[in-house]
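**Q** Counting in my numbering, the sequence shown runs from 1 upward without gaps.
Careful, some of the hints might be misleading.
Pairwise CB distance ranges (calculated) [unchecked claim]:
#1 305 <-> 255: 52 to 58 Å
#2 159 <-> 16: 41 to 47 Å
#3 102 <-> 189: 21 to 27 Å
Hints in this document: simulated from the structure, not taken from any laboratory.
Ideal Cβ positions, reconstructed from N, Cα and C, are used throughout, including at glycine.
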Amino acid sequence: VVMTSLTTAAGFLSLLNSYFVPQRTFGLFTSVGILVAMLLSLFLIPSILSLVPVPKPATGRKRRGGLTVILTGMEKGIIRHGRIVLVVGIVVGVVFGAGFSRIRIETTQRAYIGEGHPAVAGLDILEERFSGGEQAIIEIDTSRRDGLKDPALLREIIALQDHLEEEGVARTESIADIVREMNQRFHADDPAYYTIPDDPRFVAQLLLLFTFQGGDLDGLALADFSAGEVLAFHGIKQSSTQASFVNDLTAYLNEHFSSYGRAEMVGATRIQVRMLASIAKSQIRSLLTSIGAAGLIVILLMGSIIYGLISLVPLLFTIAINFGIMAYSGTPLDIATLMVSSITIGIGIDYGIHYISRFREGLDAGRSVDEAVVASAGSAGRAIVYNALSLALGFSVLLLSVFHGMRSFGTLISATMLISAISALTVIPALLGVLGKTRILKKGR
């Protein structure tokens, strides 16, 4: 109980490495709840059981259940063909693990919510009728009063807007548009004057005239015209495309606006792109932390490096398959699926702990390695199957969610629970059977 509780808590605590505050909060409070449940299991439940009458042992020959027969038969076959099982496991792990580099990261609301949701339908309407449902904001700060009234800077802003529209932006707005429109109106709506005047004093007069007519510049420039914004409305749907857009725009701003002051992209699109790198880093940190912490706890409490490492092998196998499923099915790594690996490690390692603990008890009772493996299948094996099925069914409730991200999370967690159980019931017996023919297990004891 102590070992499985601590490793599960360690898996959830690894979410403290996440970039996202809700995930850190979830990991912290879930781990606290697990530790509280551990204390209740150690103290409250035994107290209650002490008050319950001890049932009389069943008389007669004890019948083995169908599941026990299946599991023991399966373990006998695995022991006979242990090397083949390990080779097949390695091949499967490599094939699925190779998909890690193909995993797509998504941070957009559309990807998480999913097509067909009313919110996404609303975004489609915005893109169709209002020039895009996403907004990119370019902030230009000259750090001097009336800096935005510089005709050269205004022409650079127009060139920036033209560049953005060439890159697929539906519509742009800036103070330069107002200056051009006012200049054209001032000259009897002559299209030839839809330009930026050369005289900054005339630019200032046009802007003053615009405000006298009731125009509002609050969204485009500060009151002292030292800084302003260029608004770009777009409908870029994929995070990878948004990242390319932001990188291109950043390079353009550095090249053309460095002499005028500071120019950078801000707003939701920039945040979503920054989240791409943060999600990848969070996934790697959480994986390393949870695997390291869980492995260390098992090694210390078991008092054996060998058995501790054996308990981690099916877990690594499960993680490889999890990433392969995501890659080959096109399921993106997002704020929901980011938690799958850490939770899988925290919960999935319990199966290896239960199996190896029963196996060592069998060895201590004088059984051979093969006999201990088969006996473990009849006790720990059944518990592993029941636990995996109950967890998979419990998480499958998330398939009813209206959010695509939560449905993906539920699917992956349910699948990994089953895969983790299968790995524990196949890879661990195969390893124990192969290593049992050497002196390694004897040293591990």
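**Q** At the C-beta level, are residue 305 and residue 255 separated by a distance inside 52 to 58 Å?
**A** Taking Cβ atoms as reference, residue 305 and residue 255 lie about 56 Å apart, which means the hint holds.
**Q** Do residue 102 and residue 189 keep their Cβ atoms within the hinted range of 21 to 27 Å?
**A** Cβ of residue 102 to Cβ of residue 189: about 56 Å, so the range 21 to 27 Å is violated.
**Q** Can you tell me whether the CB distance of residue 159 to residue 16 sits inside 41 to 47 Å?
**A** holds (46 Å)
Comparing the model with each numbered hint stated earlier shows that hint 3 is the single one that does not hold.
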